[in-house]
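Sequence lines, in order, name chains W and S.
Note that this note's numbering has the first sequence beginning at 1, numbered continuously upward.
Note that this note's numbering has the second sequence beginning at 264, numbered continuously upward.
One should not assume that every hint holds.
The calculated lysine-lysine pairs, modelled on DSSO-like cross-linking and capped at a C-alpha distance of 30 Å, are [claimed, not checked]: (1) 32/W with 126/W; (2) 126/W with 394/S; (3) 118/W with 171/W; (4) 118/W with 138/W; (5) 122/W with 10/W; (6) 267/S with 415/S; (7) 171/W with 126/W; (8) 171/W with 394/S; (9) 138/W with 126/W; (10) 118/W with 394/S; (11) 138/W with 122/W; (12) 138/W with 125/W; (13) 125/W with 394/S; (14) 122/W with 267/S; (15) 241/W with 171/W.
In case anyone wonders, no lab produced these hints; they're calculated from the structure.
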Amino acid sequence: MTLPAISVRKLVKRFGQTPVLQDIDLDIPEGKVSCLIGPSGSGKSTLLRCLAFLEEASEGMITVNGEALGFFENARNERERLPAGQIRTVRSQIGMVFQQFNLWPHMTALGNVSEALKTVHKVPKKEAEARAMAQLVKVGLENRAGHYPSQLSGGQQQRVAIARALALSPKIMLFDEPTSALDPELTGEVLTVMRDLAAEGMTMVVVSHEIGFAATIGHQISFLDQGRLILTGAPATVFAKPRHPRLEQFLDTYLDRGASMLA
Amino acid sequence: MSFKLFNLLVQASAWTIGISAISIAIGFLLALVLSAALLSGKALYRRPAEFFISFFRGVPLLVQLLLIYNLLPFIGLNVPSIVAAIIGMSLCTAAYQAENLRGGFESVPRGLVEAADMVGFTPRQVFLRIKVPIALRLTFPALVNEAIMILKSSSLVSVVGIVEITRMAQDLASSTYLPIEIFSSAALIYLVICWSVALAGRFGERALPGGAK
Ligand SMILES: Nc1ncnc2c1ncn2[C@@H]1O[C@H](COP(=O)(O)OP(=O)(O)OP(=O)(O)O)[C@@H](O)[C@H]1O
Ligand SMILES: [Mg+2]
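Please put together the full structure from these sequences, using the hints given.
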């Protein structure tokens, strides 16, 4: 057994008094695609955002390739926050793709992808742009390098966002419903890029309503319901009948398309 | 009314434009600092900024100018009246621009900042590379508006003895007994200046990177 890429232990997340995630224990295997599924409001995005340290867990620990993310347990067994610089270092192993793309509107596609190389990593402009261009080629957008986000379709914007994350050579990529803000005819191009990435052996964590994608590409499926991880396992096991009653209900109620596909 | 009189008014407009432009620029820099203080989340910075803004937004510019004009010599600073005028106008527009900028910074979508956090920006880099350019884009129309307000308000600096358009018009009107022609000409000159600024603003907005073309 190799070390998991991310390991989550006894994670609890509360917003104010309301617990949103409870007792989450999860290992994200390296080089595999892990999918988080579950009903709306079950805490999928919150869990993913905790993995990116965009939300701070209220309790519990997260390690990324063995290094504590955000909090660590000090000599007196207390939970202590890491300094900001160290958090940035651990987080640099992680790339994030958002539902709303979140491209910077004042920069071109090439600018979005090369920006962090230049600003954060002090790569000279020419080299940064060459590396950014290579990423745009990878997502099939080399001829859109000079376009601003407002001049790109949703699918193109999301592919630029993927290229932006990949430009920093992350070890792990997190995706929060990367296709759900897209028109149906544009989801394919984004899923194709994600499939290619998976085939290259990228460690991926994907929150998705595309149950078909999860079932075919995912190596590990985790089903969240009301802030708890109900099931984690290989798709063949998780989706095999008889299913867990909550999962059955979820597939029936929320995902007519996916459910019929798996029926 | 002779061409010579009209020409005197046009020449005086250099003062109107000059004082306004310098005040807008200084006011903008002050406003950046003020809005950063407002959003710092620290009462130590926020409170004085709030006080500054409510003072300069709550007291008429005319009173501010007279106060500064008389206060500076009183505390031993004998500066030319042009300096007093610029100080007064800068402080006043800084208060308004700070409120605009604060609104702009608050409207920067959180996701854009999170995307920058994820690729390793420090808070300072997020501020300079993401928040400032986006907030500027969002507040640009308000900034153009403020520039026009300041151009018109600059007529008030005539009270500290600066011969800009309005003061020149008053002087000429009383010496030539042609008040209607002269004040109409002054109005026309203001109109042309403000209209040009509005037009330049509209072009500028379109030229901003990433704006809707
Ligand atoms: N910033 C926040 N403050 C307070 N409550 C929040 C916040 N973010 C999320 N929540 C709550 O946490 C719960 C889980 O939300 P989350 O966005 O993680 O769900 P989700 O599984 O991603 O849902 P969806 O499929 O609709 O995206 C919801 O009840 C939501 O209202
Ligand atoms: Mg969500």
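Hint check:
1. 32/W with 126/W: violated (34 Å)
2. 126/W with 394/S: Holds, because 25 Å separates the two Cα atoms, which is no more than 30 Å.
3. 118/W with 171/W: Distance of about 20 Å is within 30 Å: holds.
4. 118/W with 138/W: holds (20 Å)
5. 122/W with 10/W: Violated: residue 122/W and residue 10/W sit about 38 Å apart, past 30 Å.
6. 267/S with 415/S: Distance of about 24 Å is within 30 Å: holds.
7. 171/W with 126/W: holds (25 Å)
8. 171/W with 394/S: holds (28 Å)
9. 138/W with 126/W: Within the cut-off at roughly 19 Å; holds.
10. 118/W with 394/S: At roughly 17 Å apart (the allowed maximum being 30 Å), residue 394/S and residue 118/W satisfy the hint.
11. 138/W with 122/W: Distance ~23 Å between residue 138/W and residue 122/W Cα, so the pair holds.
12. 138/W with 125/W: At roughly 20 Å apart (the allowed maximum being 30 Å), residue 125/W and residue 138/W satisfy the hint.
13. 125/W with 394/S: holds (22 Å)
14. 122/W with 267/S: Violated, at roughly 60 Å.
15. 241/W with 171/W: Violated, at about 34 Å.
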